[in-house]
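Novice: Chain residues, written in single-letter form:
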Amino acid sequence: MVPLSYYLILGGILFACGVTGFLIKRNIITIFMCIELMLNGVNLTFVAFAAQWQALAGQVFVFFVMVVAAAETAVGLAIIIAVYRTRETLNVDLVNLLKL
Amino acid sequence: MLHLILFLIFGMVCVAGAINLLVQTHPINSALSLVVVMGALAAEFLLLGAEFVAAVQVIVYAGAVMVLFVFVIMLLNAGTEEHTNGSRVALRIGIPGMLIGSVLLAWVLLTRSGTHAVPAGALPGPPKTLGWLLFHDYLLPFEITSVLVLIAIMGAVVLTARAESPRKEN
Numbered sequence: 000m001v002p003l004s005y006y007l008i009l010g011g012i013l014f015a016c017g018v019t020g021f022l023i024k025r026n027i028i029t030i031f032m033c034i035e036l037m038l039n040g041v042n043l044t045f046v047a048f049a050a051q052w053q054a055l056a057g058q059v060f061v062f063f064v065m066v067v068a069a070a071e072t073a074v075g076l077a078i079i080i081a082v083y084r085t086r087e088t089l090n091v092d093l094v095n096l097l098k099l
Numbered sequence: 000m001l002h003l004i005l006f007l008i009f010g011m012v013c014v015a016g017a018i019n020l021l022v023q024t025h026p027i028n029s030a031l032s033l034v035v036v037m038g039a040l041a042a043e044f045l046l047l048g049a050e051f052v053a054a055v056q057v058i059v060y061a062g063a064v065m066v067l068f069v070f071v072i073m074l075l076n077a078g079t080e081e082h083t084n085g086s087r088v089a090l091r092i093g094i095p096g097m098l099i100g101s102v103l104l105a106w107v108l109l110t111r112s113g114t115h116a117v118p119a120g121a122l123p124g125p126p127k128t129l130g131w132l133l134f135h136d137y138l139l140p141f142e143i144t145s146v147l148v149l150i151a152i153m154g155a156v157v158l159t160a161r162a163e164s165p166r167k168e169n
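Protein sequence lines, in the order shown, are assigned to chains C and H.
Residue numbering for the first sequence follows numbering that gives the first Met the number 0, beginning at 0 and increasing consecutively.
Residue numbering for the second sequence follows numbering that gives the first Met the number 0, beginning at 0 and increasing consecutively.
In short, the hints are calculated from the structure, not lab data.
Please read these numbers as outputs of a predicted model, since none were measured by experiment.
Hints are supplied without guarantee of correctness; some may be wrong.
What the hints assert, rightly or not - Here are the in silico distance ranges between beta carbons for each label pair: (1) L139/H <-> R86/C: 34 to 44 Å; (2) L93/C <-> D136/H: 42 to 52 Å; (3) R84/C <-> R111/H: 23 to 33 Å; (4) H135/H <-> R84/C: 42 to 52 Å; (5) K127/H <-> W52/C: 45 to 55 Å; (6) L90/H <-> A81/C: 45 to 55 Å; (7) I80/C <-> H25/H: 12 to 22 Å; (8) M0/H <-> T88/C: 45 to 55 Å.
C-beta atoms are modelled at their ideal positions from N, C-alpha and C, and glycine is treated no differently.
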């Protein structure tokens, strides 16, 4: 028997690590990975609450979150490739103009 | 008791992987530690009894999404990241902020939440029930998701397609 709060704390720690990485990382790909980390923390919270309240719908929402995350990854990485082609850099501090 | 021990082991692997993701400077090392985090999270889902979500986590996240990440890192030949003045400020504010936020959240959850313990494999119903739910109650969102994935594929193709090559114009 594991208290629900342990699961919530683990999800919170993962989310906090994601937010921190989003702030301190300068590589655009690593920043993108930190967003995935945040989504994973949220997914764990969803499943933990689904188990707590015996609600299967929580699992369905996790499925939808995963689909949206996969779509987001495909488009995001395409944008990263497009940015790299025009700027020749992955450092977000050097990508500060909308139009060259 | 065994449930708690397994939860703690996989939870520590998760947190260690997440911290390693932040510490590493080369993106490929960060990507591989993210695979570790996702694998350990799949084990946590199994402990909760969510077999379907655990399988999808391994196939979609640890498999497909991370392969995409590693592929892009190698394609763009990403090197070690250099730190600028802006990121040093974020480093000094971000890490204390994360620590304060995490401790506060943990304290609130441990002392104030009136939730009970979750037994191992607590989720009801096999993946069959989940599939019925997905194709019956949530059929419309499911179909809309397929449109979303189609748009994402087309967007990725359009964004990565090179501009008209000059040879073509001649």
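Novice: May I ask which of the numbered hints given earlier this structure violates, with the numbers listed in increasing order?
Specialist: Of the numbered hints, 3, 5 and 6 do not hold.
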